[in-house]
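With chain P fixed as given, assemble chain X onto it according to the hints.
There are 2 protein chains.
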Amino acid sequence: MEATIKPETKSEAFFISMTLSAWNAVNERVTKLLNELAEEQWMTETAPGRSRGIYLLGHLVAVSDRLITLFGLGERLYPQLDHPFLTSPDKTVQEIPTFTELKKYWTTINDTLTTKFNTMTPEDWFARHTAVSEEVFAKEPHRNKLNVLINRTNHTNYHLGQLIYLKQK
Amino acid sequence: MEATIKPETKSEAFFISMTLSAWNAVNERVTKLLNELAEEQWMTETAPGRSRGIYLLGHLVAVSDRLITLFGLGERLYPQLDHPFLTSPDKTVQEIPTFTELKKYWTTINDTLTTKFNTMTPEDWFARHTAVSEEVFAKEPHRNKLNVLINRTNHTNYHLGQLIYLKQK
Numbered sequence: 001m002e003a004t005i006k007p008e009t010k011s012e013a014f015f016i017s018m019t020l021s022a023w024n025a026v027n028e029r030v031t032k033l034l035n036e037l038a039e040e041q042w043m044t045e046t047a048p049g050r051s052r053g054i055y056l057l058g059h060l061v062a063v064s065d066r067l068i069t070l071f072g073l074g075e076r077l078y079p080q081l082d083h084p085f086l087t088s089p090d091k092t093v094q095e096i097p098t099f100t101e102l103k104k105y106w107t108t109i110n111d112t113l114t115t116k117f118n119t120m121t122p123e124d125w126f127a128r129h130t131a132v133s134e135e136v137f138a139k140e141p142h143r144n145k146l147n148v149l150i151n152r153t154n155h156t157n158y159h160l161g162q163l164i165y166l167k168q169k
Numbered sequence: 001m002e003a004t005i006k007p008e009t010k011s012e013a014f015f016i017s018m019t020l021s022a023w024n025a026v027n028e029r030v031t032k033l034l035n036e037l038a039e040e041q042w043m044t045e046t047a048p049g050r051s052r053g054i055y056l057l058g059h060l061v062a063v064s065d066r067l068i069t070l071f072g073l074g075e076r077l078y079p080q081l082d083h084p085f086l087t088s089p090d091k092t093v094q095e096i097p098t099f100t101e102l103k104k105y106w107t108t109i110n111d112t113l114t115t116k117f118n119t120m121t122p123e124d125w126f127a128r129h130t131a132v133s134e135e136v137f138a139k140e141p142h143r144n145k146l147n148v149l150i151n152r153t154n155h156t157n158y159h160l161g162q163l164i165y166l167k168q169k
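Residue numbers (UniProt numbering), protein chains in the order written: chain P, 1 to 169; chain X, 1 to 169.
Just chain P, with the same shape it has in the complex (with noise of 0.2 Å):
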């Protein structure tokens, strides 16, 4: 039996691309942002009593970590992160990891899921993630892959914008 191509399979990948594109850009800020600014300022609060970037950047590394397990692609890199920037609030849990081991997770969780995302098929994106069950998904069926990462694009963008305040004026 050949493979056969849905005609719809055209206009999925075409938006499967964007959304992508999307959050590759964001990402891509991020990264920028931790060549541009010393481990001293992301040490500091972005504002006063708020989350340090340390925190910021450890919790960008969960929630992306997660999505591993989230869309079915395997074991998670870094669930011991789950507790000290996802479960708790800033400057509550003692031993977190320094900022070095951070930036490299950052680095590694990145190309991990781009590794991933590029085994994916159109119809794997428009899916349901694990968290949804398949009655839940027979009636929401917005509750796909590629939804999550449009609000994963969205959630980085949101704590991008709190990052920006640790350049200096």
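Derived by calculation from the structure, the hints in this document are not laboratory data. Keep in mind that this is a model prediction, so the values were computed, not measured.
If you want the footprint, here are the derived chain P segments under chain X, 3+ residues with CB under 8 Å:
| hint | segment |
| --- | --- |
| 1 | 12-19 |
| 2 | 44-53 |
| 3 | 139-150 |
From the three backbone atoms N, C-alpha and C, an ideal C-beta is built for every residue, glycine too.
Below, chain X alone, put in the same frame as chain P:
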């Protein structure tokens, strides 16, 4: 001649609804903050030396207002906002609208865009916006209206991350 429905219309309409959901969601979060925080809080800086809430509000209204002409949907409602909120940094223009006025503009521009977006077909969304020529668009088909809305949604999230700092700790 009868209207024909292209086979890809269904999936295109689905992407469009996902994109519009993300757009509506972030606008609703800004609206929530508008209803939650007092005018005095909106008059303060989001962080020391950074833009005030009122400036970011005017900025978001102006950026949304520009979608009207960018999408070829008619005349802009508030072109007078470009000078104080797009081409000038905060605190450099003396005369700006009041908070009450801007809050009303915010509701009006969102309602206006929703009405106009509801008249758009999937074909319209995947067509070029007015800032890209036909020649360039032939080579860069992602420069369509839907992509602009994806970017604007990310832009609003970026500033929402800053506006949230108006909330007292």
